[in-house]
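Novice: Sequence:
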Amino acid sequence: MIRNEATTVIAEAFNRRVLVIDDDAAIRETYRSILQPQPLGSALLQSLLNQQAAPVRETFEVATATQGQEGVSLAATALAQGQPFALAFIDMRMPPGWNGLRTAVALRALDPTVYVIIATAYADHDPDEIQSALGHNVVLLRKPFNRDEVFALARTLCQSWSTRLHLNTHASFLDAVVEHLPVPLLILTADSRRLVRVNAAAERVLGQTRQALCGQIADAVLPAPLVQTLAGTDGGDWLTTDGHCHGLRVQAFSSGERTLWLLAILEVALPATAAG
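So the number in our numbering is just where the residue sits in the sequence shown, counting from 1, plus 64.
Treat the hints with care, since some could be wrong.
Label-pair ranges, simulated between beta-carbon atoms [to be verified]:
#	residue 1	residue 2	range
1	A173	S256	20 to 30 Å
2	R211	H244	47 to 57 Å
3	D239	L174	49 to 59 Å
4	N210	P159	18 to 28 Å
Keep in mind the hints are simulated off the structure, nothing from the lab. Even glycine gets a Cβ: it sits at the ideal position worked out from N, Cα and C.
All chains, full assembly: derive it from the sequences and hints.
Specialist: Structure, rendered in structure tokens:
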């Protein structure tokens with residue numbers, strides 16, 4: 065049975081939840097006006113003026129905090145409720161509490177998936193220092209900022225967060241499918257036929273753990289009839305007319321022991337130490 069968490073359906077296509085942490089009330093209101101724009105006028109007024117309705121701009125769910133500790137607390141609550149923030153705008157200077165970098169580090173420790181935009185008018189920290197402290201998915205925004213730039217960053221990073229979740233969920237599902245296949249499946253490289261991944265059924269049939277199997281040459285661990293069958297397919301089913309495998313090819317074989325095997329060959333060589 066495939067685990068339920070691997071088949072979780074994403075309820076929403078676009079996470080629009082944004083956290084703003086800034087000690088300046090005017091700046092917080094500016095973020096809100098950018099990310100939650102109000103209609104320019106009613107449809108009735110526009111019709112009376114013989115004007116076309118203005119295009120509706122995307123809006124975001126915005127939560128605000130005045131200090132770093134408060135912002136991290138909001139993020140923790142959102143995470144516990146299954147409603148994580150996709151993005152956080154964080155001011156660098158927020159006396160008397162944490163500065164922006166400390167806040168971002170605490171936020172990232174709580175939720176490694178959140179995108180961070182640090183906004184500052186000062187050069188308190190070198191960009192390399194910020195990148196080193198946070199590791200990934202961080203943007204430095206100089207104040208005073210451009211409204212369109214803030215909106216574009218929010219839209220792009222929220223979409224990226226949602227896309228990444230979508231891909232990770234599907235990857236987890238496919239991993240679960242591979243792991244729970246009732247037949248042995250082995251993935252090997254095209255150049256050396258070295259094993260880079262096996263599933264649980266392959267472990268049972270071969271009597272070895274995946275840690276022991278991965279990195280070995282397939283010919284050394286597979287049953288002899290299967291090795292002979294593989295040898296006869298070189299240049300045929302496995303390879304294209306130009307002698308290269310494109311992407312991942314999967315083929316079923318029988319070892320003569322009533323055991324069905326699925327073997328997949330990779331176009332690129334992976335490190336011999338790769339584990340399944």
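Novice: Among all the numbered hints in the text so far, which are the ones the structure does not match?
Specialist: 1, 3
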